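Visitor: Okay, here's what each chain looks like letter by letter:
There are 2 protein chains.
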Amino acid sequence: MQLCKFLGTKYSIIQAPIAGSDNARLVAAAAEAGALGSLGAQYRTPEEIQKVISEIRSLTSKPFAVNLFAFKPEAIPSDDQIARSRSHLDGYYSRFGITAPAAESVQKSIDSEAQLEAVLEAKVPVFSFTLGSLDEKWMKAFKKNGTLVIGTATNVKEAIVLAKSGVDAITAQGSEAGGHRGTFMGAYEDSMIGSMALIPQLVDAVSVPVIAAGAIMDGRGIAAALALGAAGVQLGTAFLTVSECPVNAEYKKAIREHDADDTTITKVFSGAPARGIKNSFITDNSEKPLLPFPYHNKLTRPIRQAANESGQIEYTNLWSGQGGRLAREMSAMELIEKLVAETDEVLAKLSPIHA
Amino acid sequence: MQLCKFLGTKYSIIQAPIAGSDNARLVAAAAEAGALGSLGAQYRTPEEIQKVISEIRSLTSKPFAVNLFAFKPEAIPSDDQIARSRSHLDGYYSRFGITAPAAESVQKSIDSEAQLEAVLEAKVPVFSFTLGSLDEKWMKAFKKNGTLVIGTATNVKEAIVLAKSGVDAITAQGSEAGGHRGTFMGAYEDSMIGSMALIPQLVDAVSVPVIAAGAIMDGRGIAAALALGAAGVQLGTAFLTVSECPVNAEYKKAIREHDADDTTITKVFSGAPARGIKNSFITDNSEKPLLPFPYHNKLTRPIRQAANESGQIEYTNLWSGQGGRLAREMSAMELIEKLVAETDEVLAKLSPIHA
Chain A
1 MQLCKFLGTK YSIIQAPIAG SDNARLVAAA AEAGALGSLG AQYRTPEEIQ
51 KVISEIRSLT SKPFAVNLFA FKPEAIPSDD QIARSRSHLD GYYSRFGITA
101 PAAESVQKSI DSEAQLEAVL EAKVPVFSFT LGSLDEKWMK AFKKNGTLVI
151 GTATNVKEAI VLAKSGVDAI TAQGSEAGGH RGTFMGAYED SMIGSMALIP
201 QLVDAVSVPV IAAGAIMDGR GIAAALALGA AGVQLGTAFL TVSECPVNAE
251 YKKAIREHDA DDTTITKVFS GAPARGIKNS FITDNSEKPL LPFPYHNKLT
301 RPIRQAANES GQIEYTNLWS GQGGRLAREM SAMELIEKLV AETDEVLAKL
351 SPIHA
Chain B
1 MQLCKFLGTK YSIIQAPIAG SDNARLVAAA AEAGALGSLG AQYRTPEEIQ
51 KVISEIRSLT SKPFAVNLFA FKPEAIPSDD QIARSRSHLD GYYSRFGITA
101 PAAESVQKSI DSEAQLEAVL EAKVPVFSFT LGSLDEKWMK AFKKNGTLVI
151 GTATNVKEAI VLAKSGVDAI TAQGSEAGGH RGTFMGAYED SMIGSMALIP
201 QLVDAVSVPV IAAGAIMDGR GIAAALALGA AGVQLGTAFL TVSECPVNAE
251 YKKAIREHDA DDTTITKVFS GAPARGIKNS FITDNSEKPL LPFPYHNKLT
301 RPIRQAANES GQIEYTNLWS GQGGRLAREM SAMELIEKLV AETDEVLAKL
351 SPIHA
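Protein chains in written order, with our numbering: chain A, 1 to 355; chain B, 1 to 355.
Keep in mind that the hints were calculated from the coordinates and are not lab data.
Being a predicted model, the structure only gives us computed values, none of them experimental.
Among the clues, some could well be false.
One copy or two, it doesn't matter: identical chains are merged, so the pair holds either way.
[Unchecked claim] Derived lysine to aspartate or glutamate pairs resembling EDC-like cross-links, with alpha carbons at most 16 Å apart:
id	residue 1	residue 2
1	K338	E48
2	K349	E314
3	K123	E334
4	K5	D111
5	K338	E32
6	K278	E189
7	K278	E314
8	K10	E334
9	K164	D262
10	K267	D168
11	K144	E55
12	K288	E334
13	K349	E104
14	K349	E250
15	K157	D262
16	K72	D135
17	K278	D190
18	K278	D135
19	K157	D259
20	K72	E337
21	K123	D111
22	K108	E345
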């Protein structure tokens, strides 16, 4: 099936949630251009979530998605654990002249239930999640609201669990993808499955539409995803470099100037594994004691914020997939129109494997 | 361009070299069916190479390839280093009632120059290599013979080096692939690049035809590879389960019954990183001191041989890509005809990303 018919969008393209790097303007621009825009709401408070959703609605009447991490948090770290991990970051707090987060604020990192409640109340067209499965009460509540629910799988086992839980579609996150790994069953290292293997096996395993994600950057990637059986595609890195995306120019430049082998999977920024461009912060912290997600994220957040504001990208997370070199700087609408035209062109030119 | 026109085959399909698991019959069957058969010659002596090439020629007049590892060997290990690594394998030698290889035979593991000389003299239609680049004198000699030369890249930097060295085509080995990683520039961990990212970036970087490899198992994978810009495809795991492939039934069954996340990259069998299905041998040896490739391969060879002969596949290398579940048991000709028909079907059914 075509994802566009399923989502009610013009095109079978989703602008991926890029928590920490998006805003209402980007989501609305993608939606207005005919894709499904997605808001990465993970690091926003319930109040902030409500506010941004209102902003999106003031900018577009087209469908959009809100995304959260459906992870099961590990035990809250003790004051001692926090002090130990934080001491390794002292040099960064000093460099930027900022205050280290108090243990109490780290311990109160996130209120997942309140975030879900905020998204639910907003009756958004699409709710997508990653890093877990959704509890039955929430699944029922979203469905009752008429919200489409999309889960994320990095292996076949997860896709089967998600399908049984009642999701309406599944995003297949290939190992190529930038940002956080969605793995929630088994070690993430085992589920670094390339899209060429992941997509067809997921399509065979579940009956809901499968959305391809990971290094899809142009018409070639979109056509390939469709050939593998995907109903549509989700692009994150490709949208990080569009003009509406609020990340700084240095980050956009880095995405376009680094090869796939310049990226790595690291836990040093958030405590959870994610793909980004290698920099000093990754090199210098790889052996340091980290708190689990989301607590470590809270510890590094002011550092990353200060680094981003001053363009010192050696000290912040430069999430990027393995296709960064193919990224383009243009408006969201120009990118989306280009992707559609390129896909048509690739499909028209495909020739069989015999003469 | 279409790979079939370049290779002089009926189809743009290569049966990948699967050193240690192939024979003349498999290569000839693939060639007779219209693909390019490949002999994985790495573990054969120069005399054995000559003999198998003659066998292939007695079975088919169609084009075929011979493959070697173009690696630069590390320093020959000392008697003490060998004794140390070998002592950890004593339990396996005892289990199978076999003699451990003498230090001298391990030290004389391979004579790469003599292997290359044997392939050169045979004037084969295609010579392919992995794990390195080919020295100028050999490149010139093969070209003088009218042999097409195909190198293997796992990242863009390697592809550029190979193109400059004069190869006629480049195999893009995605992270999905089974068997040995071809990486020869940088750490292999950095070049675990999924095909969705690797193929288009290689196609953009070089002007020679790019051959997609890694988890291509059916018409969906082939169509996807073509969409990404590949001139054709190379399939290894898909050919491991065909009837002409001389590996045992237990191994074929394991390929079909394990998920992508049941495979891992390991050095425990040969000293070099390769993807295979997890088993006891991998679990029990991951922390043991290994010799570098090809010396460790020589140490474990009699164990793997005995394990294979007795069907005890917990003690041998079960190389498999991330698409093993999609493997099928049939003849090489049936598989190739099916792949071609499926690809035509996928291409015919592809629809655009707008309604």
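Visitor: Next, verify each hint and record whether it holds.
Guide: These are the hints, each one checked on the structure:
In the homo-oligomer, the alpha carbons of K338 and E48 never lie at most 16 Å apart, since the shortest distance is 33 Å inside one protomer and 54 Å across protomers. Within a single copy, K349 and E314 get their C-alpha atoms no closer than 42 Å, and across copies no closer than 46 Å, so neither meets the 16 Å cut-off. For a Cα distance limit of 16 Å, the shortest separation of K123 from E334 qualifies neither inside one copy, at 29 Å, nor across copies, at 52 Å. Proximity of K5 and D111 under a CA criterion of 16 Å is satisfied in neither setting, with 34 Å inside one chain copy and 60 Å between copies.
In the homo-oligomer, the alpha carbons of K338 and E32 lie at most 16 Å apart inside one protomer (15 Å), although the nearest pairing across protomers, at 43 Å, exceeds that limit. Taking CA atoms no more than 16 Å apart as the test, K278 paired with E189 passes between copies only; the shortest distance there is 13 Å, against 18 Å inside one copy. Taking the shortest alpha-carbon separations for K278 and E314, only the intra-copy value of 9 Å comes in at or below 16 Å, while the best inter-copy value is 37 Å. In the homo-oligomer, the alpha carbons of K10 and E334 lie at most 16 Å apart inside one protomer (15 Å), although the nearest pairing across protomers, at 41 Å, exceeds that limit.
Taking identical chains as interchangeable, the C-alpha atoms of K164 and D262 are never at most 16 Å apart, the minima being 38 Å within one chain and 22 Å between chains. With identical chains, the CA atoms of K267 and D168 are never at most 16 Å apart, being 30 Å at best within one copy and 41 Å at best between copies. Proximity of K144 to E55 under the C-alpha cut-off of 16 Å is found in neither arrangement, the shortest distances being 24 Å within a copy and 68 Å between copies. In this homomeric assembly, K288 and E334 never come within 16 Å of each other (Cα to Cα): the closest approach is 43 Å inside a single copy and 54 Å across copies.
In this homomeric assembly, K349 and E104 never come within 16 Å of each other (Cα to Cα): the closest approach is 59 Å inside a single copy and 57 Å across copies. With identical chains, the CA atoms of K349 and E250 are never at most 16 Å apart, being 36 Å at best within one copy and 42 Å at best between copies. Within a single copy, K157 and D262 get their C-alpha atoms only as close as 30 Å, which misses the 16 Å cut-off; across copies the closest is 11 Å, which meets it. Proximity of K72 to D135 under the C-alpha cut-off of 16 Å is restricted to the intra-copy arrangement: shortest distance 11 Å within a copy versus 54 Å between copies.
Taking the shortest alpha-carbon separations for K278 and D190, only the inter-copy value of 10 Å comes in at or below 16 Å, while the best intra-copy value is 21 Å. For the identical chains of this complex, K278 and D135 are neighbours neither inside a copy (35 Å) nor across copies (32 Å), given an alpha-carbon limit of 16 Å. Proximity of K157 to D259 under the C-alpha cut-off of 16 Å is restricted to the inter-copy arrangement: shortest distance 9 Å between copies versus 31 Å within a copy. In this assembly of identical chains, K72 and E337 lie within 16 Å of each other by CA distance neither inside one copy nor across copies; the values are 39 Å within and 48 Å between.
Taking CA atoms no more than 16 Å apart as the test, K123 paired with D111 passes in neither setting, with 19 Å inside one copy and 69 Å between copies. Proximity of K108 to E345 under the C-alpha cut-off of 16 Å is found in neither arrangement, the shortest distances being 51 Å within a copy and 54 Å between copies.
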